[in-house]
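K.L.:
Letter by letter, the chains look like this.
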Amino acid sequence: MSSVSAAVTRPDAARRVALPVGVTAVLAAATAYTGIRNPHEPGFFPSCVFYSASGYYCPGCGGLRAVHDLVNGDLAGALQMNPLVVLGVIPAGIFLIGWWLLSVTTDRVRPLHIPTWVGIAIPVALGAYWVVRNLEPFAPYLSPGG
Amino acid sequence: MTQVPPPPPMGMPPVGGDPNEKNKLGVWALVLGILSILCCGFFTGIPAIILGINGKKAAEEGRASNGSLANVGFILGIIGCALSVLGFVLQAAGVLTYDFSTS
Numbered sequence: 001m002s003s004v005s006a007a008v009t010r011p012d013a014a015r016r017v018a019l020p021v022g023v024t025a026v027l028a029a030a031t032a033y034t035g036i037r038n039p040h041e042p043g044f045f046p047s048c049v050f051y052s053a054s055g056y057y058c059p060g061c062g063g064l065r066a067v068h069d070l071v072n073g074d075l076a077g078a079l080q081m082n083p084l085v086v087l088g089v090i091p092a093g094i095f096l097i098g099w100w101l102l103s104v105t106t107d108r109v110r111p112l113h114i115p116t117w118v119g120i121a122i123p124v125a126l127g128a129y130w131v132v133r134n135l136e137p138f139a140p141y142l143s144p145g146g
Numbered sequence: 001m002t003q004v005p006p007p008p009p010m011g012m013p014p015v016g017g018d019p020n021e022k023n024k025l026g027v028w029a030l031v032l033g034i035l036s037i038l039c040c041g042f043f044t045g046i047p048a049i050i051l052g053i054n055g056k057k058a059a060e061e062g063r064a065s066n067g068s069l070a071n072v073g074f075i076l077g078i079i080g081c082a083l084s085v086l087g088f089v090l091q092a093a094g095v096l097t098y099d100f101s102t103s
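Residue numbers (the working numbering), protein chains in the order written: chain A, 1 to 146; chain H, 1 to 103.
Any given hint might turn out to be false.
To be verified - Now the in silico label distances, taken between C-beta atoms and shown as ranges:
id : chain 1 : residue 1 : chain 2 : residue 2 : range
1  : A       : S54       : H       : G62       : 36 to 46 Å
2  : H       : G17       : A       : G55       : 46 to 56 Å
3  : A       : A121      : H       : V85       : 21 to 31 Å
4  : H       : A92       : A       : R110      : 44 to 54 Å
5  : A       : G43       : H       : P19       : 46 to 56 Å
6  : H       : P19       : A       : H40       : 47 to 57 Å
7  : H       : E60       : A       : L75       : 44 to 54 Å
8  : H       : G62       : A       : A30       : 35 to 45 Å
9  : A       : A13       : H       : N20       : 13 to 23 Å
10 : A       : F44       : H       : G62       : 43 to 53 Å
11 : A       : G145      : H       : P19       : 39 to 49 Å
12 : A       : F95       : H       : N20       : 18 to 28 Å
To be verified - Dumping the calculated EDC-like pairs for lysine to aspartate or glutamate here, alpha-carbon to alpha-carbon at most 20 Å:
id : chain 1 : residue 1 : chain 2 : residue 2
13 : H       : K24       : A       : D107
14 : H       : K24       : H       : E60
15 : H       : K24       : A       : D12
16 : H       : K57       : H       : E21
Said to hold, decoys possible - Short, incomplete list of chain H residues facing chain A, as computed with Cβ under 10 Å:
id : residue
17 : N20
18 : N23
19 : L30
20 : L35
21 : C40
22 : G41
23 : S65
24 : N66
25 : N71
26 : L83
27 : G87
28 : F88
29 : V89
30 : Q91
Hints were generated in silico from the structure; no laboratory data involved.
No experiment lies behind these values; they were computed from the predicted model shown.
Quick reminder that beta carbons are idealized off the backbone N, C-alpha and C, glycines included.
Based on the provided sequences and hints, a complete structural model is requested.
P.N.:
Structure below.
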């Protein structure tokens, strides 16, 4: 392990920072585009393959529409489209990007360590959400069609 | 110190290396695997599979401590790929129709 205290003074600092900054920029641009274009209407965005094939919603269905609604200040509409994306995926994404940016710019933030149980719990929760949002009693709250 | 030790040869694990050096592989595999389930299909599923395999390999070589995380990403990537391939095959076969943006 290197004992250099300030990561930003390393010669390869620019390269270390370039990837997270680039990913952040791409995601920001994609978010802005989703906010400008309207995924509620067909045309600008591809359909979900799983929904088209089966008629059932995947865990991400309604996600683009939720992002569109959020960008345009409609929190209730966003929650109606996909509460998991609004309450789970977007906060997790912001947390991951923030941690990544900090971990390459300062030595005080270590690279993120995800415990194994979290890595297993997230897919299990996703699978449960997948099933439950397609069930009749829960569809009005969890699916974009409800 | 006047003499700089040569860097370790490519592809060889450094002896007594950092056991967390390659942990980012597992984290990336998991994140991309989850995204492949969230409608992204093989766009992130294929990278998740590749990173998952590399992450498991790194764990075996003692350069990562999160081999199980890499394995989860690997499996999620396969599921995401399989579902999207299945969807595209059904679409090509004319079984399904696109009617609405649902992603």
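K.L.:
None of the hints should be skipped; say for each whether it holds.
P.N.:
For each hint, the structure was consulted:
1. Range check, S54 (chain A) to G62 (chain H): about 43 Å between beta-carbon atoms, so the 36 to 46 Å window is met.
2. Checked against the hint of 46 to 56 Å, the pair G17 (chain H) and G55 (chain A) passes, with Cβ atoms roughly 50 Å apart.
3. Distance hint check: the CB atoms of A121 (chain A) and V85 (chain H) are about 27 Å apart, consistent with the given range 21 to 31 Å.
4. About 47 Å separates the C-beta atoms of A92 (chain H) and R110 (chain A), a value consistent with the hinted range of 44 to 54 Å.
5. In this structure, G43 (chain A) and P19 (chain H) meet the distance hint of 46 to 56 Å, their C-beta atoms being roughly 50 Å apart.
6. Between P19 (chain H) and H40 (chain A) the CB atoms are about 49 Å apart, so this pair conforms to the stated range of 47 to 57 Å.
7. Look at E60 (chain H) against L75 (chain A): about 46 Å separates their beta carbons, and that is inside 44 to 54 Å.
8. A hinted range of 35 to 45 Å for the beta carbons of G62 (chain H) and A30 (chain A) is consistent with their spacing of about 38 Å.
9. For A13 (chain A) and N20 (chain H), the Cβ-Cβ distance of about 20 Å falls inside the hinted range of 13 to 23 Å, so the restraint holds.
10. The hint said 43 to 53 Å for the Cβ distance between F44 (chain A) and G62 (chain H), and at roughly 48 Å that hint holds.
11. Distance hint check for G145 (chain A) and P19 (chain H): the Cβ-Cβ separation is about 48 Å, which falls inside the suggested range of 39 to 49 Å.
12. Evaluation of the 18 to 28 Å hint for F95 (chain A) and N20 (chain H) yields a pass: the beta carbon distance comes to about 20 Å.
13. Between K24 (chain H) and D107 (chain A) the CA atoms are separated by roughly 16 Å; this keeps the pair inside 20 Å, and the hint holds.
14. Taking the CA atoms of K24 (chain H) and E60 (chain H), the gap is about 15 Å. The hint holds against a cut of 20 Å.
15. The hinted pair formed by K24 (chain H) and D12 (chain A) meets the criterion: a straight-line CA distance of about 18 Å does not exceed 20 Å.
16. The straight-line distance between the Cα atoms of K57 (chain H) and E21 (chain H) is roughly 13 Å, inside the 20 Å bound, and the hint therefore holds.
17. Look at N20 (chain H): its Cβ gets to within about 8 Å of chain A, closer than 10 Å, so that hint holds up.
18. Given hint, N23 (chain H) at the interface with chain A, holds; its Cβ is 7 Å from that chain's nearest Cβ, closer than 10 Å.
19. Restraint check, L30 (chain H) versus chain A: the minimum CB separation of about 5 Å is within 10 Å; hint holds.
20. Against a cut-off of 10 Å between C-beta atoms, the interface hint on L35 (chain H) holds, since the closest Cβ of chain A lies about 8 Å away.
21. This hint holds: C40 (chain H) has a C-beta 7 Å from the nearest C-beta of chain A, less than the 10 Å allowed.
22. Checking G41 (chain H) against chain A: minimum C-beta separation of about 6 Å stays under 10 Å; hint holds.
23. Restraint check, S65 (chain H) versus chain A: the minimum CB separation of about 9 Å is within 10 Å; hint holds.
24. Using the Cβ-Cβ criterion of 10 Å, the hint placing N66 (chain H) at the interface with chain A is satisfied: the shortest such distance is roughly 7 Å.
25. The interface hint given for N71 (chain H) is met, as the beta carbon of that residue sits about 9 Å from the closest beta carbon of chain A, less than 10 Å.
26. Residue-level restraint check for L83 (chain H) holds (minimum Cβ-Cβ distance to chain A is 6 Å; threshold 10 Å).
27. Using the Cβ-Cβ criterion of 10 Å, the hint placing G87 (chain H) at the interface with chain A is satisfied: the shortest such distance is roughly 3 Å.
28. With 10 Å as the threshold, the beta carbon of F88 (chain H) comes within range of chain A, its nearest partner Cβ sitting at about 6 Å, so the hint holds.
29. For V89 (chain H), the interface hint holds, the least distance from its beta-carbon to any beta-carbon of chain A being 9 Å, beneath 10 Å.
30. Checking Q91 (chain H) against chain A by beta carbon gives a least distance of about 7 Å; that is within 10 Å, so the hint holds.
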